[in-house]
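Those sequence lines, one after another, are chains A and B.
Remember, the working numbering sits 1 above the position in the first sequence when you count from 1.
Quick note: the second sequence, position 180, residue 170 per the working numbering, numbers continuous.
Among the clues, some could well be false.
Quick list of in silico lysine to any residue cross-link-like pairs, SDA-like style, CA-CA up to 20 Å [to be verified]:
id	chain 1	residue 1	chain 2	residue 2
1	B	K154	B	S103
2	B	K6	A	E151
3	A	K49	B	I10
4	A	K38	B	T12
5	A	K38	B	L76
6	B	K38	B	I10
7	B	K48	B	L67
8	A	K317	A	L303
9	A	K263	A	L303
10	A	K155	B	R3
11	B	K38	A	D18
12	B	K38	A	R12
13	B	K6	A	H40
14	B	K6	A	F51
15	B	K6	A	R242
16	B	K85	B	V176
17	A	K81	A	L258
18	B	K48	A	D18
19	B	K184	B	L76
20	B	K133	B	L104
21	A	K306	A	Y285
22	A	K342	A	D312
23	B	K15	A	P56
24	B	K6	A	T43
25	A	K49	B	T12
26	A	K246	B	F4
27	B	K38	A	P59
28	A	K49	B	D8
29	A	K49	B	F4
30	A	K246	A	L297
31	A	K209	A	N83
32	A	K49	B	N5
33	A	K49	B	E14
34	B	K134	B	E90
Using C-beta positions, here's what the derived DEER-type ranges look like [claimed, not checked]:
id	chain 1	residue 1	chain 2	residue 2	range
35	B	E123	A	P255	56 to 62 Å
36	A	Q247	B	E43	31 to 37 Å
37	A	I208	B	E179	58 to 64 Å
38	A	D159	B	E13	44 to 50 Å
39	B	L70	A	D159	52 to 58 Å
40	A	L297	B	I28	47 to 53 Å
Hints are computed from structural coordinates only; laboratory data are not their basis.
Glycine included, C-beta positions come from ideal geometry on N, C-alpha and C.
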Amino acid sequence: MRKSKCGASCRDCCYYDYRELCPGCAIESCLVDLCIKGHSFTGITHPKSFCRLRPYCPIGGERRPPTILIPPLKKKDISKVNFPLYVPQIDVADKGSWFWREGIEMPMIFVPLWQLVLNNRLLSQASSKGLHDFLGFNGKILLSTVMPDELIDKLTKDDYFKLINDLKPDATMVPDNYTYTDAPLYQSWSQTVRLISFANDFLDLEIKLIGLIKGANLRQIYFSLRREVEMNYISFVMPARELFKQGLLNEILPHVLIILKKLCRASGKNPEILIYGIGRILGYKEVSYSNLSWYLEAKHGLYYKEGELNDMRNEKIRFKECYCEVCRGTMPQDLIDLWIKDPKSCKRMLTLHNLLEWKRGRWAGGH
Amino acid sequence: MGWGSLREQFRSRFNKGDYIDTEEKEEWLNCEQAYKQIIDFGEYKVGKTENEEYELLKDNTLVSAFSEALMEEGRILFPLSHGMLLEISESGARKILTPEKAELCGLIAAEGSLYPYERKVHNQIFFHSADMEIIERHIELFKKVYGVTPHIYQGKGEFIAGIKNKEAYYDLREIGVKTGPYRYHVPIEHLDEKGSKAYLKGFSQETGVLYNMGNMPLNFE
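Using the sequences and the hints given, assemble the complete structure.
Given below as C-alpha cells:
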C-alpha cells in the first residue's frame, strides 16, 4: 500500500484502486505537499488556521469528508438537446443581455443557476412563474449548473430538484463539481464520484439532461464520462474557462473528444459536445460553444469579427462594413463615433452585433 | 466551476494564492517517512513504499510496482520476465538483457538456429557444438532464462541442444538474434556494458576469439 507524496496513506482510502480509480496521489505541485515542506499560498494553505485543504493534510489535519460511493447506475433514454453552433448565456440580473427583447431570435439560451440562487428576489420571481414566463423567451432554456465552489458544496440533491421543478427549464446540466490539478486526488476523486452520483439521481427528472465533462486528470475524465455514457447521456458540456485561461484546454480537449467518441461508438451513439465559458474559437468543427462574452466584451468596447475579438481601432477591421441585422452597413469606425455621442446605444449595438457574429458562426463553418 | 489549478483560481477570483515561505513542518521532519522518493530521473521517478515495494512513476503517474530493484550509479534496474531488465536512467527507460540472456543470445547467434512453425518443425531452437561443455553452458543459460531445458542430441561430429518452445522462439526472434543463415543482429539497443561483454563471450565461446565460421564472412547487422 502506497503513501502519497505528502505522506498521507492510501491504506484506508476508498478511492485507491490501482486499476480503475486512483493509482495513488503523486501530484508534483500538490499544495498540501508544498505546505508541509514549507511553501504556503495565501488564502489556500496560509494562514494555517484557515487552510481549506486541512481535511487532506496528513499532519494535524481534520477528518476527510465522508466517502461518496459509486451508486448502482440506472439507465434512461435521454434524447439529444441538439446544440446549435452557438448557445448564448445570459445574465439573469441584467436585462441588457435579454437579447430577444430586441427582436433577435436564438433557438436556445443558457441560464446560470447560481445567479438565481444568489439573488432571492430574482429566484422567487422566476420560481413562481417558471423561467419561460419570467424571461419571456420562446426558445429552449437550458439551465447551467456551473457555479462557484462555495455554492457547489451548499446545494443538495433536494435543493436541485426543487429548483428545477420550480424553474421548469427545458434541459439541465447535471450538478457541477470542482477538480483541481494541484489539490490532493482524494478531493477530485470524491468530486468525480459525486458527479456520477448526481447524474444518476438526475435520471429521475422528466426533462432533457446534459452530462458534464470534468476531472483533474484524464483518468478521472474517462471514469466519469464512461459512467455517464453508460447511463445514456448523449449531450455533454465541458466547462472550459479556467482550463483555457491556464493554457491547458488545447492539451485536454483532443483527448476528451477521442475518449467520448470511443465510448459512444461502442454503444452506437453520436454524442454532442459544447464548450462552455470561453470567448474564442478553438478550431474543432464538431463542437458547439456557449459564453457570455458576446455581452461582457461589448461592455469593454470589443468587437467580434470572424471569431476573433478585436479592438474597434484595429486597422484590419476599423473600416470594414458589417451587414448584420443590427449594423446594416456600419463599420467599427461609425461605432467609435457613436460611442462618443451616445455610449449606451453604441454598447447596445455592439452587444447585438457580437451576438449575431457568434450566431452566424461562419468562422467555424457552421453546423 | 473549479478546474485547472486551485492556486490560479484563487489568483483570478480573490487575488490570493501568493507564495509564502514558511518553515518545513516539524511534524513532517519528525514523522517516519514510509514513502520515499529515492530516485528522480526527471521524466521517471522511483519511490519506495512502506512495504518495501518500488514504485515507478512516469510524469507523476504510477506506471508499475516492483518487489525488487537493483540500484547502480546513474540507473536503476527492475527485473522483468525471460531474462530482461527494465533500465531507468536519465536518458529514459529501456529494456535490456541480463548478462545470462546476452550470453545465450551470443551463443545462438554463433552456433544456433531458429526454426519457425513449418511442416516438420514447430518453433524450434537448436544449438550446435562439438564441445559438450559449451552445450551444457547453453542448456544452463536457457534454463535460467526461460525455465525450460533443451534436449541433447548426437549429431555428426557434434552435439545438438534442441527445444520446441513457442515463447522462447518468439522472444528470441523479437530480439532479432538471427536474421538469416550466417546473418546476425547484435541487439545493441538492449545491451548495456555488462550485456555487451556477455554477448561477445557467448559468441566467441568455442574458441575464445571471434572467428570466421567456415568460409562464411561474419555479417553483423
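To see whether the hints hold, each was checked on the structure:
Note on K154(B) and S103(B): the hinted pairing holds, with a Cα-Cα distance of about 12 Å set against a maximum of 20 Å. Distance restraint check for K6(B) and E151(A): the Cα-Cα separation of roughly 16 Å lies within the 20 Å cut-off, and the hinted pair is therefore satisfied. Between K49(A) and I10(B) the alpha-carbon distance is near 12 Å, which keeps this suggested pair within the 20 Å criterion. Of the supplied pair hints, the one linking K38(A) and T12(B) holds, its CA atoms being roughly 8 Å apart against a limit of 20 Å.
At most 20 Å may separate the alpha-carbon atoms for a hinted pair to count; K38(A) and L76(B) exceed this at roughly 32 Å. For a cut-off of 20 Å, the pair hint linking K38(B) to I10(B) is broken: about 30 Å separates their Cα positions. As the CA atoms of K48(B) and L67(B) are separated by approximately 15 Å, the hinted pair is consistent with the 20 Å bound. Distance hint between K317(A) and L303(A) is fulfilled; the C-alpha atoms sit about 14 Å from each other, no more than 20 Å.
Straight-line distance between C-alpha atoms of K263(A) and L303(A) comes to about 39 Å, which puts the hinted pair past the 20 Å bound. For the suggested pair K155(A) and R3(B), the alpha carbons sit about 19 Å apart, so the restraint of at most 20 Å is met. Of the supplied pair hints, the one linking K38(B) and D18(A) holds, its CA atoms being roughly 18 Å apart against a limit of 20 Å. Between K38(B) and R12(A) the alpha-carbon distance is near 15 Å, which keeps this suggested pair within the 20 Å criterion.
Simply put, K6(B) and H40(A) have alpha-carbon atoms about 14 Å apart, close enough for the 20 Å limit, and the pair holds. At roughly 13 Å between alpha-carbon atoms, K6(B) and F51(A) fall within 20 Å of each other, so this suggested pair holds. For the suggested pair K6(B) and R242(A), the alpha carbons sit about 19 Å apart, so the restraint of at most 20 Å is met. Between K85(B) and V176(B) the alpha-carbon distance is near 15 Å, which keeps this suggested pair within the 20 Å criterion.
About 17 Å separates the Cα atoms of K81(A) and L258(A), which keeps this hinted pair within 20 Å; it holds. Annotation: proposed proximity of K48(B) to D18(A) holds, straight-line Cα distance about 18 Å (limit 20 Å). A distance of roughly 14 Å separates the Cα atoms of K184(B) and L76(B); the hinted pair therefore holds under the 20 Å criterion. Our distance criterion of 20 Å between C-alpha atoms is met by K133(B) and L104(B), whose separation comes to about 17 Å.
Among the hinted pairs, K306(A) with Y285(A) is consistent with the structure: their alpha-carbon atoms are about 18 Å apart, no more than 20 Å. For the suggested pair K342(A) and D312(A), the alpha carbons sit about 19 Å apart, so the restraint of at most 20 Å is met. Note on K15(B) and P56(A): the hinted pairing holds, with a Cα-Cα distance of about 17 Å set against a maximum of 20 Å. Of the pairs offered as hints, the one joining K6(B) and T43(A) holds, with about 6 Å between alpha carbons and a cut-off of 20 Å not exceeded.
Between K49(A) and T12(B), the direct Cα distance comes to roughly 10 Å. Compliance with the 20 Å bound is thereby established for this hinted pair. Distance check on the hinted pair: K246(A) and F4(B) sit about 16 Å apart at the alpha-carbon level, within 20 Å; holds. With a C-alpha separation of about 18 Å, the suggested pair K38(B) and P59(A) falls inside the 20 Å cut-off, and the hint holds. With a C-alpha separation of about 14 Å, the suggested pair K49(A) and D8(B) falls inside the 20 Å cut-off, and the hint holds.
Using a Cα cut-off of 20 Å, the hinted pair K49(A) and F4(B) holds, with the two alpha carbons roughly 18 Å apart. Simply put, K246(A) and L297(A) have alpha-carbon atoms about 16 Å apart, close enough for the 20 Å limit, and the pair holds. Simply put, K209(A) and N83(A) have alpha-carbon atoms about 11 Å apart, close enough for the 20 Å limit, and the pair holds. A C-alpha spacing of about 18 Å is found between K49(A) and N5(B), which places the hinted pair at or below 20 Å, so the restraint holds.
The suggested pairing of K49(A) with E14(B) holds, with an alpha-carbon distance near 13 Å, which does not exceed 20 Å. A hinted pair counts as satisfied when its Cα atoms are at most 20 Å apart, and K134(B) with E90(B) qualifies at roughly 8 Å. Between E123(B) and P255(A) the CB atoms are about 60 Å apart, so this pair conforms to the stated range of 56 to 62 Å. Between Q247(A) and E43(B), the C-beta spacing of about 35 Å keeps the proposed range 31 to 37 Å intact.
For the pair I208(A) and E179(B), the beta carbons lie near 59 Å from each other, so the given range of 58 to 64 Å is met. A hinted range of 44 to 50 Å for the beta carbons of D159(A) and E13(B) is consistent with their spacing of about 45 Å. Between L70(B) and D159(A) the Cβ separation comes to about 54 Å, which falls inside the hinted range of 52 to 58 Å. With their beta carbons about 51 Å apart, L297(A) and I28(B) fall inside the hinted range of 47 to 53 Å.
This entry does not satisfy hints 5, 6 and 9, going by the numbered hints stated previously.
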